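Mind docking chain X on chain A? Use the hints.
Number of protein chains: 2
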Amino acid sequence: MDLRRREFTALLLGGTAALGLVGQADAESDPLPSWNAGPAKDGIVKFVHATTDAASPDFVPAAERIATFDQDGTLWVEHPIYTQIVFAFSRVPAVVKERPELANDEAFKTVLSGDREAIGKLSMDQLLSVVGATLTGMDVETYRNEVEAWIKQARDQRWNRLYTELVYQPQIELLNYLRANGYRTFIVTGGGQDFVRAYAEPVYGIPPEQVVGTMFGLSFKPGADGKPVLVRDPKLLLNDDNAGKPEGIHLVIGRRPQFAFGNSGGDREMLEYVTAGAGARLGMIVLHDDAKREYAYGPAQGLPDTKVGTFPQSLYDQAMKEGWIVVSMKTDWKRIFAFE
Amino acid sequence: MDLRRREFTALLLGGTAALGLVGQADAESDPLPSWNAGPAKDGIVKFVHATTDAASPDFVPAAERIATFDQDGTLWVEHPIYTQIVFAFSRVPAVVKERPELANDEAFKTVLSGDREAIGKLSMDQLLSVVGATLTGMDVETYRNEVEAWIKQARDQRWNRLYTELVYQPQIELLNYLRANGYRTFIVTGGGQDFVRAYAEPVYGIPPEQVVGTMFGLSFKPGADGKPVLVRDPKLLLNDDNAGKPEGIHLVIGRRPQFAFGNSGGDREMLEYVTAGAGARLGMIVLHDDAKREYAYGPAQGLPDTKVGTFPQSLYDQAMKEGWIVVSMKTDWKRIFAFE
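Protein sequence lines correspond, in order, to chains A and X.
Just so you know, the first sequence maps onto residues 933 to 1272 in the numbering used here.
Just so you know, the second sequence maps onto residues 933 to 1272 in the numbering used here.
Hint data in this document are derived by calculation from the structure and do not stem from the laboratory.
The structure displayed is predicted, hence computed values, not measured ones.
Just so you know, not all the hints are guaranteed correct.
Any copy, or any two copies together, can satisfy a pair, since identical chains are not distinguished.
[Stated by the list, open to error] Subject to a maximum C-alpha distance of 30 Å in a straight line, what follows is the list of computed DSSO-like cross-link-like pairs (lysine-lysine):
hint, residue 1, residue 2
1, Lys1153, Lys1253
2, Lys1253, Lys1159
3, Lys1167, Lys1153
4, Lys1224, Lys1053
5, Lys978, Lys1159
6, Lys1029, Lys978
7, Lys1224, Lys1262
8, Lys1153, Lys1029
Just chain A, with the same shape it has in the complex (with noise of 0.2 Å):
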């Protein structure tokens, strides 16, 4: 694992060795470094002193340093389409020789198709469909390892590059500001807490036991060697988004976070939930307003609405209500991606 970490890490910090010892030494000073200087990242650097300075009316306890994160949108490219589902329809065809009778289905006949607007037509649920009959079924180390060996090698389109790699620079420089800090950072995810799990501490630092994610109900039984495993069932247990977000927050974390950030009107109850505790506590939302370096899209501000990652008005007014900072990634941050 720390091995693994490491090299990830070398590889998500290569972009900045590159700029030699002037470089450094800004990186060294300022520990935001992709982030422009402006209300966004000011308002990170005020939350964190004022919540872990000793001094501070609004002091707390490493311990109860909770920050917590959605994945989609917020931590990586969730555009054209999410990550897990790319990862489903990998496996269509496999699961489709093994059940035939899935063929006559109409979300599977669309993806074996390979029809890309008719693909990028079909439903939440005809998508979750696909999920439930692909990513379910096997034991939990089986699935893992699955990920694990699909997720090294399977390149988004319009990059050519690792969906690992689409991770938001400016977030993991926020994330290790973070934990540098004291906070425990999780992740707080609609996608599938075993599929983010098998990537998450190589590429964000957050081990699996800090995903928090939409679950499935598990099987214990004996496995082909006799002895007991967990497989994955197609029953849902918790859709972690929406309200299950701050649902999934207190089964695994038990304690109300300081500081959540999202990107979609899945994360307002999330966000809702978080900034009403007592004491400091911070909102905030990735606006995807760049079509050039990453995506433009959600209602809010004239955007156009897309399936993944709706960003509604009504979102973006509450946020100015409420205090929760609105992060244009035009704006806001200097660079997007390491690689660049």
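The following block gives chain X in isolation, referenced to the frame of chain A:
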């Protein structure tokens, strides 16, 4: 939290301090002074050395050192009735006042009668219906405060001690010894997750996020002041007993632990799951065979069976076959409680 924890620790360790300098020196050289020399103590020390010595073939990196403990009957007294049930009973009069129709329910009527013999005959399903009606319907923070207030003054009848004083001193030493060797210690209990979280930190040094327990659903809704809260639903989400224990471990921890300690048939699957992993794994079971200092129960070795903490002969036989260590309270534990 830290302050309270120090106070509790002082309370728990008070007995040792009274022994004076010689006792202290012993405690310093022996991390498990309340354990008698023998195979159980040896097994623990060997396991810890094997998994933490970097030169050992069974070395486990610090991040993967996870130890899981059942609570009732493993970390504290569960006899004659689980403490959480006593708490639920204490709330019955108030709940019946609010919902008078419950006075006609057989289980509630029996609890209200105060007839101990009749209460002792209630089935586990009846007990769970009382728990469901008395320990849900409030928000999680209110519930936590109520458990905290109750457990600070509620006393067991045999010893007239706080329930939190009825923790086993050898196990407190074992938790500390494991943590001193880089292990993270989790409770994995059939009891309510939020019940145990309310006192696990001061009593065991175990923070809320390291308590896995029986989970109820949660509803996210506005509280009395309009701010959002999580309300405890009567709907059972995970019964963290038997096969539910490995399931809860995977959902909350996401790693297969190296070490598990239980005391009853409800811990069997956790022990199976943990010890089926590769490398050095250790399973341990408390046998309650000391009627004088604590209790003697369970059919294994001819002791009487009881409603709580059943230790069937089949579990004993399986332990012998699998190499799980059966700990005799009578012969392996020099001291059971800190107040002795």
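Quick rundown of the hints versus the structure:
no.	hint	result
1	Lys1153 with Lys1253	between (51 Å within a copy, 19 Å between copies)
2	Lys1253 with Lys1159	between (55 Å within a copy, 14 Å between copies)
3	Lys1167 with Lys1153	both (16 Å within a copy, 25 Å between copies)
4	Lys1224 with Lys1053	within (25 Å within a copy, 71 Å between copies)
5	Lys978 with Lys1159	between (52 Å within a copy, 24 Å between copies)
6	Lys1029 with Lys978	neither (56 Å within a copy, 49 Å between copies)
7	Lys1224 with Lys1262	within (9 Å within a copy, 73 Å between copies)
8	Lys1153 with Lys1029	within (25 Å within a copy, 45 Å between copies)
The structure fails to meet hint 6 from the earlier list, while all remaining hints are met.
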